[in-house]
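Order-wise, the sequence lines are chains A and B.
Going left to right, the first sequence walks through residues 1 to 139 as my numbering numbers them.
Going left to right, the second sequence walks through residues 1 to 398 as my numbering numbers them.
Honestly, the hints are just simulated from the structure, not real lab data.
Some hints could be false.
Said to hold, decoys possible - Below, simulated SDA-like cross-link-like pairs (lysine to any residue); rule was C-alpha separation at most 25 Å, straight line: (1) A:LYS123 - B:ALA20; (2) B:LYS355 - A:ALA130; (3) A:LYS6 - B:GLU396; (4) B:LYS26 - B:MET1; (5) A:LYS6 - B:LYS26; (6) A:LYS80 - A:ALA31; (7) B:LYS155 - B:GLY221.
Predicted model only: the values in this text are computed from it and were never measured.
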Amino acid sequence: MDEELKRAIILDNYSNPMNKREVNDDSYLKANTNNESCIDNLDIYVKIEDDKIVDICFNGEACAISTSSTSIMIKNLIGKTISEAKEYVNIFEHMVNEEPYDEEKLNDAVVYEDIYKQKNRVKCAFLPYAGIKKIIDNL
Amino acid sequence: MNRNDFPMLNQDIIYFDNGATTFKPKVVIDSMVDYYSKHSANAHRGDYHISMIVDDKYENTRELVKNFINANSTKEIIFTSGTTDGINMVANGFFKYILNPGDEIILSKADHASNILPWQALANELNLVIKYVDLDDHNYVTVDNIKKVLSPRTKVISLAIITNVIGDLRPIKELCDIAHQNNIYVVGDAAQSVGHRKTDVQALDIDFLAFSGHKMYGPTGVGVLYGKEELLERLRPTSLGGGMNETFDDQNNISLKSLPSRLEAGTPNIAGVIGLGEAIKYLNKIDLNKISEYEHNLREYLIDRLIKIDYIDIINIEGDAATVAFNVDGIFAQDVAVYLDKYNICVRAGNHCTKLLKDVINVRNTVRVSLAFYNTTEEIDTFVDLLSDRDKIIREML
Chain A
1 MDEELKRAII LDNYSNPMNK REVNDDSYLK ANTNNESCID NLDIYVKIED DKIVDICFNG
61 EACAISTSST SIMIKNLIGK TISEAKEYVN IFEHMVNEEP YDEEKLNDAV VYEDIYKQKN
121 RVKCAFLPYA GIKKIIDNL
Chain B
1 MNRNDFPMLN QDIIYFDNGA TTFKPKVVID SMVDYYSKHS ANAHRGDYHI SMIVDDKYEN
61 TRELVKNFIN ANSTKEIIFT SGTTDGINMV ANGFFKYILN PGDEIILSKA DHASNILPWQ
121 ALANELNLVI KYVDLDDHNY VTVDNIKKVL SPRTKVISLA IITNVIGDLR PIKELCDIAH
181 QNNIYVVGDA AQSVGHRKTD VQALDIDFLA FSGHKMYGPT GVGVLYGKEE LLERLRPTSL
241 GGGMNETFDD QNNISLKSLP SRLEAGTPNI AGVIGLGEAI KYLNKIDLNK ISEYEHNLRE
301 YLIDRLIKID YIDIINIEGD AATVAFNVDG IFAQDVAVYL DKYNICVRAG NHCTKLLKDV
361 INVRNTVRVS LAFYNTTEEI DTFVDLLSDR DKIIREML
């Protein structure tokens with residue numbers, strides 16, 4: 001993907017993140033995810049109905065990479081079944097760890113395809129995925 | 001000032017994170033290399049030549065520290081692993097045995113975790129009460145606000161001499177006067193002050209003072225706990241072992257050495273102590289008063305330039321230490337730090353271990369610049385110029 005386009009997608013998702021709001025609704029499962037090495041700290045809320053993710057929201061403070069990555073993840077995961085979501089998270093994890101991955105399935109999340117080159121940013125991009133894993137891995 | 005003394009400054013780097021740790025002058029590094037390559041023996045153990053050299057150097061640092069902070073005796077100088085270690089020793093070796101349920105400890109929310117968590121843990125253990133002094137409009141601790149939280153149950157006031165984000169110099173002398181009139185002990189965290197301005201424990205009349213070597217141009221892993229001799233005599237070792245015992249038998253009868261050895265169990269950080277001694281000699285040569293004045297002028301220069309940028313919000317326009325915390329409107333602190341790093345400028349983003357300060361300033365994370373005497377106005381110009389174009393920051397922060 002073109003570098004300028006990647007930058008535009010990241011900044012757009014940072015400035016106007018998808019579903020960034022606090023949730024006070026018991027029908028959502030909640031997980032906190034934070035970077036021990038830096039200051040990102042997010043709460044992720046997931047609503048699941050009949051094995052399908054019907055909504056995800058998030059709230060907290062995080063950098064441009066974490067925030068945009070969360071927004072893009074949310075756009076990609078809503079509507080997926082649990083096993084599809086697990087597969088998606090797995091592919092993303094492969095990408096940020098510089099392992100072979102199926103780029104077709106990641107959609108806009110490929111904007112982080114080169115993030116492995118900035119070691120201190122890998123955790124930022126992966127932050128929401130660490131959060132969602134806490135929820136869906138236990139289902 | 002004295003930039004050529006610092007090997008780290010030979011590279012293309014602007015280092016504005018001196019509150020986290022300072023660079024070490026070559027004399028400090030050399031003294032430690034010398035120890036490891038020329039007389040690498042244990043201290044206080046051998047009867048052979050190189051061991052005696054080590055003993056001399058180790059104890060000579062104690063003398064240097066004593067004079068550096070104007071303590072009354074070398075018995076009052078205990079080598080620790082750093083400020084954190086010192087405060088924990090005071091909390092768990094002294095106050096643990098004299099405080100009772102309901103006794104009160106006064107702290108400030110602007111202080112570092114190392115001067116809060118040991119007290120919180122002790123409070124949980126002994127059912128003590130922690131009271132946080134209100135900060136004034138500049139987030140300073142004032143004598144009046146301390147008076148407001150004093151009560152007949154107050155037993156300890158523990159404060160940083162200078163804080164690591166706000167950078168205010170606390171009125172320790174006045175606080176000690178008031179405290180001692182009311183039989184209250186005062187503990188000082190001097191981590192951020194001792195390398196930047198003169199410390200005189202006798203003039204302050206402070207009871208305990210802890211600091212680290214690595215924030216005063218010395219090595220990491222070494223620090224000092226000062227305590228008035230009569231108080232250190234009552235401080236129970238939180239660590240027991242070699243070097244600090246006189247005799248012991250199989251009936252658990254233990255007899256300990258006298259101060260200061262009694263509180264230095266195990267083989268100490270000998271290289272670190274020797275390096276710390278060199279750092280003190282180095283600072284004495286430059287003169288801490290000159291350092292304070294130079295750093296103060298640097299801070300003024302930085303504030304004068306930063307304040308002209310309308311999208312920059314400075315948390316501490318006022319401040320006694322050369323520490324400035326700020327945010328760029330609409331840009332997360334860490335992203336600003338990452339942007340500056342692309343130009344080899346080292347600043348800290350985050351809560352700077354003052355996790356309670358957000359309750360007061362309503363800002364969780366900031367970018368922090370903490371200056372040292374080897375920083376220059378030219379470096380500040382480069383830094384401020386890079387912050388003078390908000391679009392550029394957004395363009396390049398990813």
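Restraint status (C-alpha distance of LYS80 of chain A to ALA31 of chain A at most 25 Å): holds (19 Å)
25 Å limit on alpha-carbon distance, applied to hinted pair LYS355 of chain B and ALA130 of chain A: Given pair LYS355 of chain B, ALA130 of chain A holds - Cα atoms ~23 Å apart, limit 25 Å.
Would the pair LYS155 of chain B and GLY221 of chain B pass a check requiring their Cα atoms to be no farther apart than 25 Å? violated (30 Å)
Does ALA20 of chain B lie within 25 Å of LYS123 of chain A when you go C-alpha to C-alpha? holds (22 Å)
Taking only the CA atoms, is the gap from LYS6 of chain A to LYS26 of chain B under or equal to 25 Å? With a Cα-Cα distance of about 45 Å, the restraint between LYS6 of chain A and LYS26 of chain B is violated, given a limit of 25 Å.
Can the restraint linking LYS6 of chain A and GLU396 of chain B be considered satisfied, given a maximum Cα separation of 25 Å? holds (13 Å)
Straight-line alpha-carbon gap LYS26 of chain B to MET1 of chain B, limit 25 Å: Holds. LYS26 of chain B to MET1 of chain B sits at ~15 Å (cutoff 25 Å).
This entry does not satisfy hints 5, 7, going by the numbered hints stated previously.
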